[in-house]
Amino acid sequence: MEPILVYGFPLGSATGLVAAFEWLGQPYRLCRVDMLKDMKNDDYRRLNGRAETPVLITDDGRVLTETMAIAQWLEVRDTERRISFAPGTPKADRMHQFIAFVNTGFTGAFSPLWAALEMDPPNPSVQEPLRAVGRKMAADRHGQLEAMIGDTPFLVGGRPTLADGVLVGVARWAEFHGAPDLSAYPKLSAVRRRIESDPAFAFAVAIEDGETPTGSGAMTGQVPLADVIARFAG
1 MEPILVYGFP LGSATGLVAA FEWLGQPYRL CRVDMLKDMK NDDYRRLNGR AETPVLITDD
61 GRVLTETMAI AQWLEVRDTE RRISFAPGTP KADRMHQFIA FVNTGFTGAF SPLWAALEMD
121 PPNPSVQEPL RAVGRKMAAD RHGQLEAMIG DTPFLVGGRP TLADGVLVGV ARWAEFHGAP
181 DLSAYPKLSA VRRRIESDPA FAFAVAIEDG ETPTGSGAMT GQVPLADVIA RFAG
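Using my numbering, you'd call the opening residue of the sequence shown number 1 and step up by one each time.
Just so you know, the hints here were simulated from the structure itself, not pulled from any lab data. Heads up, some of the hints might be wrong.
As the list claims (entries may be wrong) - Using 20 Å as the maximum straight-line C-alpha spacing, the simulated SDA-like pairs for lysine to any residue come out as follows:
{"hint": "1", "residue 1": "LYS37", "residue 2": "PRO199"}
{"hint": "2", "residue 1": "LYS37", "residue 2": "PRO27"}
{"hint": "3", "residue 1": "LYS37", "residue 2": "ALA51"}
{"hint": "4", "residue 1": "LYS136", "residue 2": "ASP181"}
Bear in mind the structure is a predicted one, so any value in this text is a computation, not a measurement.
With the sequences and hints as input, model every part of the structure.
In structure tokens form, the structure reads like this:
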């Protein structure tokens, strides 16, 4: 069967993985999840007990969670090296370094900001300190990522790879939360502009927005979440 990527909206981190599937060019399907509604019930937790996206239903029907695991699954299947590099090479190591940093420290820096936003019922005396901590953490991690970026158009070399896909899905959270000031990170901003202007990412954003764009042709359809849960959830 074709793999199915379960992606969330709005502003889901999996949007970058949709772009990576487009760059890869191999057939896949998608499953759309409203992260504000669909993930808050026990049915979805049968699919992913942590109530998160992304989730990948592999081509042999296994449920695979966590961005880094899904990126590795894609890398193994990238035999033409469209979105990765030969194993054991310096470029492959550097790509893994970026993926690991973005998926851990960089993404995690936004946790206080999300916690403040989603607090129910609201508690301003708690939310404001969370926002202050989140702004500081996000700025620190942006600075660290800025220092890691070299002089190549994308994170590793002259073409987008899995590292760029993992980054671009979460980097836009900075604009959403209004933190940090991106003018302080010119190299990161330039890399983001290149990724975000790529047709594969434009396709991924349009899909996230509920549109029906024309992509590379690799995406063969969307599967209803109820069908994915009924067939693959434990």
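- Message: Need the status of pair LYS37, PRO199: alpha-carbon distance at most 20 Å?
- Response: Not OK: LYS37 and PRO199 at ~29 Å, beyond 20 Å, violated.
- Given hint ALA51 paired with LYS37 - CA-CA distance at most 20 Å: Satisfied, since the Cα-Cα distance of roughly 11 Å is no more than 20 Å.
- Given the hinted pair LYS37 and PRO27, is their alpha-carbon gap at most 20 Å? Measuring from Cα to Cα gives roughly 28 Å; hence the hint is violated.
- Message: Hint check: LYS136 vs ASP181, CA-CA at most 20 Å. Holds or violated?
- Response: 11 Å, holds
Going through the hint list in order, the structure does not satisfy hints 1 and 2.
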